[in-house]
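Sequence order for the protein chains is A and B. Here numbering that gives the first Met the number 0 is used: the first residue of the first sequence is 0, the next is one more, and so on. Here numbering that gives the first Met the number 0 is used: the first residue of the second sequence is 0, the next is one more, and so on.
In case anyone wonders, no lab produced these hints; they're calculated from the structure. Accuracy of the hints is not assured; some may be wrong.
In this list, chains with the same sequence are indistinguishable; a pair is considered to hold if it fits within one copy or across any two.
Straight-line C-alpha distance at most 25 Å; calculated SDA-like pairs for lysine to any residue [to be verified]:
#, residue 1, residue 2
1, K255, M293
2, K247, R2
3, K119, I214
4, K215, E176
5, K119, E259
6, K249, K297
Number of protein chains: 2
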Amino acid sequence: MFRKEIKVLDCTVRDGGLMNNWQFTDDFVKDVYNACVASGVDYMEIGYKSSEKAFSRDEVGAWKFCEEKDLRRIVGDNNTSLKLAAMADIGRIEPEDILPAEDSLLDMIRVAAYVHQTDKAIWLAEHCLDKGYEVTINLMAVSTVIERDLEEALIDLSKSRVPTIYLVDSFGSMYCEQIEDLVDKYQKFMPGKTLGVHMHNNMQLAFSNTITGIIKGCNMLDSTFLGIGRGAGNCPTEVLLSFLKNPKFKIKPILKVIQEHLIPMQKDIDWGYFMPYMITGALNQHPRSALKWMAGDKKDNYVAFYEQMTDKNDL
Amino acid sequence: MFRKEIKVLDCTVRDGGLMNNWQFTDDFVKDVYNACVASGVDYMEIGYKSSEKAFSRDEVGAWKFCEEKDLRRIVGDNNTSLKLAAMADIGRIEPEDILPAEDSLLDMIRVAAYVHQTDKAIWLAEHCLDKGYEVTINLMAVSTVIERDLEEALIDLSKSRVPTIYLVDSFGSMYCEQIEDLVDKYQKFMPGKTLGVHMHNNMQLAFSNTITGIIKGCNMLDSTFLGIGRGAGNCPTEVLLSFLKNPKFKIKPILKVIQEHLIPMQKDIDWGYFMPYMITGALNQHPRSALKWMAGDKKDNYVAFYEQMTDKNDL
């Protein structure tokens with residue numbers, strides 16, 4: 000599959016950090032950065048832009064804030080073709096925390112919002128556009144939004160100046176036909192916008208749903224090394240790049256980081272295809288109950304989790 | 000997704016046994032059997048029918064042979080709605096090793112064959128039909144077969160009395176558009192045959208390719224508990240059943256076996272999404288080189304495996 004407009008955004012550090020409060024070593028973040036550069040990845044999302052008022056430094060690492068001094072420690076002047084992105088959550092960032100783009104190593108701000116926050120998301124996204132950034136809005140948890148509310152949000156987004164909108168399968172609950180229908184809807188209501196896909200792997204469908212997005216014309220593709228990310232994790236970058244036929248993509252640099260960092264990390268962080276995440280995905284539920292279960296002392300008791308989630312009804 | 004013609008065939012013991020020479024405890028096989036019955040699975044493939052001349056009992060367990068006394072020890076008279084299947088490989092079975100169906104606990108024989116063995120497969124399959132079994136032919140490794148040879152095989156199969164033919168992604172190298180094209184071809188060349196899908200998970204596409212098969216009209220679906228199987232393994236039964244909307248399917252009995260048996264088994268058997276299996280899948284290669292690598296002392300050196308497979312060219 001080759002289409003020159005396709006861009007790959009690796010969010011290993013940003014999404015993976017949801018599992019360890021961004022307590023990554025500098026070595027890890029540097030190795031991910033260097034591998035992204037060497038493998039031809041287009042964007043690296045290195046963390047969140049967040050307000051210091053919203054989170055404590057005692058609990059979360061540097062990549063929850065993405066201050067310039069921290070970025071510079073990893074990427075220097077970033078004299079590479081790799082662009083750097085950070086995510087901003089509505090309500091967890093003050094507009095004044097965002098520097099003018101010319102004063103920042105960041106190239107892109109991605110605004111994450113629920114459908115009911117669309118107006119605020121557009122305001123913040125256009126604020127970032129005006130500061131000189133590339134900007135996207137990532138509309139989360141659409142699998143539980145009623146049709147009319149979603150369409151209203153899409154109409155508002157279509158009128159905004161924001162060029163790129165993401166279809167996000169927050170709960171990892173969707174399969175190909177649902178992706179097809181939603182991309183059709185996004186294209187119908189937002190003609191001319193670039194579309195992106197951010198898929199979760201609860202039912203082992205993150206990569207295939209990303210492929211469906213590609214086939215339907217989505218050009219911004221999110222992925223992470225070995226699929227690391229919240230809960231079941233994401234579309235794996237290494238398999239996505241091996242599928243895309245653009246010769247600029249190489250997987251060897253990523254394999255090196257996987258064997259040196261991600262495999263050892265699996266001993267401490269339970270991301271991937273675990274039954275609690277599969278169950279919340281199949282039930283179209285937020286993964287928070289599965290995350291809580293996996294952090295408890297009965298994490299391998301899948302039957303008990305299933306009974307809790309279904310109230311003893313059958314799935 | 001509900002279609003009353005859909006049948007699920009669980010091949011946990013048969014395909015999983017490729018990873019441990021079928022050295023399963025009776026407890027495990029019984030628990031899989033009981034879970035298949037309780038979860039509404041239609042067929043359980045419990046092993047291979049093989050000739051004692053082809054394999055040594057010192058190396059392989061009972062489920063490489065599926066003798067009646069071994070079957071009976073697990074399933075008694077099998078007074079359930081679950082049907083039992085065994086696979087027969089061309090060249091590794093003598094026709095006289097197959098009892099008349101009325102004298103066997105097996106209900107179905109699945110003949111596995113490469114395209115160049117189609118004539119032999121039809122002969123053996125019709126021999127089993129004449130002995131009273133349900134029969135399928137599973138045409139393997141079609142991702143490396145040239146168009147003309149495949150079409151010739153399909154024409155021969157279409158003329159046979161064998162009612163069910165499987166599309167098998169032996170190398171885990173295919174994605175949805177290839178599955179769609181092949182199912183179209185199978186339907187065009189073999190009108191009236193029931194089609195099945197047996198997918199491998201090298202690129203995390205086994206479940207999604209099975210869904211594509213369902214959408215295209217395939218009605219026999221192979222899967223295994225927690226995806227256990229050779230190399231990267233298979234479509235997981237638990238996620239397949241949670242997707243199919245037939246109320247007869249329950250996943251709780253399978254979750255119990257996963258937590259009691261499959262999770263502990265992961266300590267000894269490396270099936271699933273490991274980089275060597277991903278690489279052979281992406282390269283459309285037989286997994287044997289990956290299996291050999293994973294059995295060696297450098298199994299986590301993915302870069303070295305990648306270099307060996309690509310002769311230092313890039314993927």
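Evaluated hints:
1. In the homo-oligomer, the alpha carbons of K255 and M293 lie at most 25 Å apart only across protomers (17 Å), although the nearest pairing inside one protomer, at 28 Å, exceeds that limit.
2. Taking identical chains as interchangeable, the C-alpha atoms of K247 and R2 lie at most 25 Å apart only when both belong to the same chain, with a minimum of 12 Å there against 44 Å between chains.
3. Taking the shortest Cα distances, K119 and I214 never come within 25 Å of each other, neither inside one copy (31 Å) nor across copies (39 Å).
4. In this homomeric assembly, K215 and E176 come within 25 Å of each other (Cα to Cα) both inside a single copy, at 11 Å, and across copies, at 12 Å.
5. In this assembly of identical chains, K119 and E259 lie within 25 Å of each other by CA distance neither inside one copy nor across copies; the values are 41 Å within and 48 Å between.
6. For a Cα distance limit of 25 Å, the shortest separation of K249 from K297 across copies, 22 Å, qualifies, whereas the shortest one inside one copy, 40 Å, does not.
Checked against the numbered hints listed earlier, the structure breaks hints 3 and 5; every other hint is satisfied.
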